[in-house]
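Novice: Sequence:
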Amino acid sequence: TKRPILGIVRYYDERTLTFCDMPGLIEGAHKGRGLGDRFLRHIERTRLLLHMIDISLLQRKDPYEDFTALNEELKLYSENLSKKKQIIVLSKIDLPGARENARIIRDRIKQEVFPISALTGEGNKELLDHIFRVA
Numbered sequence: 001t002k003r004p005i006l007g008i009v010r011y012y013d014e015r016t017l018t019f020c021d022m023p024g025l026i027e028g029a030h031k032g033r034g035l036g037d038r039f040l041r042h043i044e045r046t047r048l049l050l051h052m053i054d055i056s057l058l059q060r061k062d063p064y065e066d067f068t069a070l071n072e073e074l075k076l077y078s079e080n081l082s083k084k085k086q087i088i089v090l091s092k093i094d095l096p097g098a099r100e101n102a103r104i105i106r107d108r109i110k111q112e113v114f115p116i117s118a119l120t121g122e123g124n125k126e127l128l129d130h131i132f133r134v135a
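Heads up, the sequence shown is in the UniProt record's numbering, so the first residue is 1 and it goes up one at a time.
These are calculated hints, taken from the structure and not from any lab test.
Just the calculated beta-carbon pair ranges, DEER-fashion: (1) Arg-103 / Asn-124: 14 to 22 Å; (2) Gly-121 / Ser-82: 30 to 38 Å; (3) Pro-4 / Ala-118: 15 to 23 Å; (4) Glu-100 / His-51: 18 to 26 Å; (5) Lys-84 / Asn-124: 16 to 24 Å; (6) Ala-135 / Pro-96: 29 to 37 Å; (7) Ser-82 / Glu-112: 17 to 25 Å; (8) Pro-96 / Arg-10: 27 to 35 Å; (9) Glu-112 / Glu-72: 19 to 27 Å; (10) Thr-46 / Gly-97: 29 to 37 Å; (11) Leu-6 / Asp-66: 18 to 26 Å; (12) Lys-110 / Arg-41: 25 to 33 Å.
All C-beta atoms, glycine included, are put in the ideal place defined by N, C-alpha and C.
Can you make the complete structure from the sequences, with help from the hints?
Specialist: Here you go:
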């Protein structure tokens, strides 16, 4: 994602939510590095944050470190932003080794996570149900 992309999701009972897919933040975003501070201003207007973690990459890089670095950038930009409700989504659960990777991430994050697969649809209903419950 190079720029924010908006999308609307219609729930089963006709309620809707607007989602914004934001580009990833880089270290120093809170100081204006990259496009970070412009995107962080957009994020301040949200009700909750949805972190998408690609668990298929666990062997090549550590998604937990990316997750903690992102949260540190949020905190450095705004204490209020760092306290927003967060939902952790583990994508690509259908790939080999992903379930074990999900267990490792879940143990490190120590909060509820939602494993999903865009390919098979696994976990998508549970995730949407949760989002509409807490949003």
